[in-house]
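Trainee: Each chain, letter by letter, is given below.
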Amino acid sequence: MIDTLKSICEQCTHLKNPQLDFIPAELSRHKEIILRDLRELVSVASNGHEKACAMIGGCVLEAILFSFLQVQERRVAERRGRFIFDPEQSLQNYLDIFNKWFGRDFPNLQLLDILVDYRNLVHFNNELNSPTDECSKAASTLLRVVDALIGELAAYGRIAR
Amino acid sequence: MAGLAQVDWQLLANEAQVRALLEDFVSYYTPSAVNQLALAVWFEKSPGAGERKQSGLPRMPRFGMPEGSPATGEHKLLVLITGPEMSGIGSELRPLFWKAGLEGPPFIEIHRTSVAFFAEQLRSNPAVVQQFFRNAEVIYFQKRLLSPDILDAFRIVTEPWNLIKVWCVYHDQYGTGQTIQTLLASRAGRRPEVGIVKTWESPDFGTCKAILHVEVGQQWRPASPEGIMQSSGFYSDWLNGRPCYLLAEGGAFYQVDKFEVIYAPEYSSRVIERRPDDRYLEVYLRAVHPPEEPAA
Chain A
1 MIDTLKSICE QCTHLKNPQL DFIPAELSRH KEIILRDLRE LVSVASNGHE
51 KACAMIGGCV LEAILFSFLQ VQERRVAERR GRFIFDPEQS LQNYLDIFNK
101 WFGRDFPNLQ LLDILVDYRN LVHFNNELNS PTDECSKAAS TLLRVVDALI
151 GELAAYGRIA R
Chain B
1 MAGLAQVDWQ LLANEAQVRA LLEDFVSYYT PSAVNQLALA VWFEKSPGAG
51 ERKQSGLPRM PRFGMPEGSP ATGEHKLLVL ITGPEMSGIG SELRPLFWKA
101 GLEGPPFIEI HRTSVAFFAE QLRSNPAVVQ QFFRNAEVIY FQKRLLSPDI
151 LDAFRIVTEP WNLIKVWCVY HDQYGTGQTI QTLLASRAGR RPEVGIVKTW
201 ESPDFGTCKA ILHVEVGQQW RPASPEGIMQ SSGFYSDWLN GRPCYLLAEG
251 GAFYQVDKFE VIYAPEYSSR VIERRPDDRY LEVYLRAVHP PEEPAA
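Those protein sequence lines, which keep their order, are chains A and B.
The first sequence begins at 1 in my numbering and counts up by one.
The second sequence begins at 1 in my numbering and counts up by one.
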């Protein structure tokens, strides 16, 4: 893959100008952390730091899903019959809930199971047992996915309000 | 088909509530420090299914309930766990509203055994496990922990027929002395990134067309054209005129010739979940043959 993290990052408009209106004002701390991490994500990606990009990309992905599902607790409960957001669950669990209960709202956004594997490269043994290009793939994929997710949720936030 | 007026909405709402409570229960259910939960099935869902039926299976002592207590649960759950083969199916009662701290009814009647024991019963004594398939609904599964016969028995479909799982090989990796064997070896045990279901193949097997799939929620579903464009490195490579390759689990190796988004309602029979707009991303592939031996 020739696309450098820098060139991918330049195409990711939502990362550099994130609209996080789907997070309400009362969750300002959520927004602060996500905005800080997005700045760091852009910084490490622009400098071609693969591992840092994969790690922060995974963190931001989890933070965005966490915040979105927390905000949408009532909507999930309406669709599922009952739902209480659990802040102690895993990234896999948040992905599953998002795909199951919001898949129809975001037909163009498929959050793949492999994203969890990419985030789990934080564990040394996982990377040792991966192909040599895994970290590079993780970094570029997470960068693109986080960008697409922010774009879709921003539009959803405008419609849902 | 029943009209909307004939649908019992209250019943549906109640069922959704119970399903959600059972899913919550399962998500916190830890069989033990070493065993993993592999499958949870809500069975005998019909009203009045609380009466325990004799299955004829050897039963292990019940745990979590005093001896002599009534052995009825209003909601029945089969739970399969990993680990050493057990010699029977144990049962216990747990309150459905455990999260709210309520100890009383309604109860969940949990039937627990190992994956290995259940698979053995399925093979050698299927009549004995029939009750678990009556009006049953799978509410949790981990496909990598279950044998194909159990997946089939509960009709857990995770991929379309004829799916080929593949890894993406970027052109900067191919041609650097790598062989099929070394490429496959470096990906052993790693999750394939995409899947393909062939829709056409040339008589000499040199070229083919296929629907691109991705794995979401343990199921291989047709890729969203926009989604793959947004998130995939190999699509971006192709868009920029750089060659990209797909390596199949069986060792077949393909170069991507082109991608095409097509409207094809007829493809709904080839996938396990049709795209909402019947638009599919089709990939045109050409078989290539890398060297068998690494370059000297």
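In short, the hints are calculated from the structure, not lab data.
Computed from a predicted model, the values in this text were never measured in an experiment.
Hints may be right or wrong, so weigh each one.
Derived list of chain A stretches under chain B, where covered just means 3 residues or more per stretch with a C-beta under 8 angstroms from a C-beta of chain B [stated by the list, open to error]: (1) 15-27; (2) 96-102; (3) 121-128; (4) 131-139; (5) 144-150.
Heads up, the beta-carbon is just placed ideally off N, CA and C, and yes, glycines get one too.
Trainee: Compare the structure with each hint and give your call.
Mentor: Hints, one by one, checked against the model:
1. 15-27: violated (count 0)
2. 96-102: Three-residue rule met by the stretch 96-102 of chain A, so holds; n is 3.
3. 121-128: violated (count 0)
4. 131-139: holds (count 5)
5. 144-150: Contact hint for the stretch 144-150 of chain A vs chain B: holds, 4 residues under 8 angstroms.
In summary, the structure is inconsistent with hints 1 and 3 from the numbered list given earlier, while agreeing with the others.
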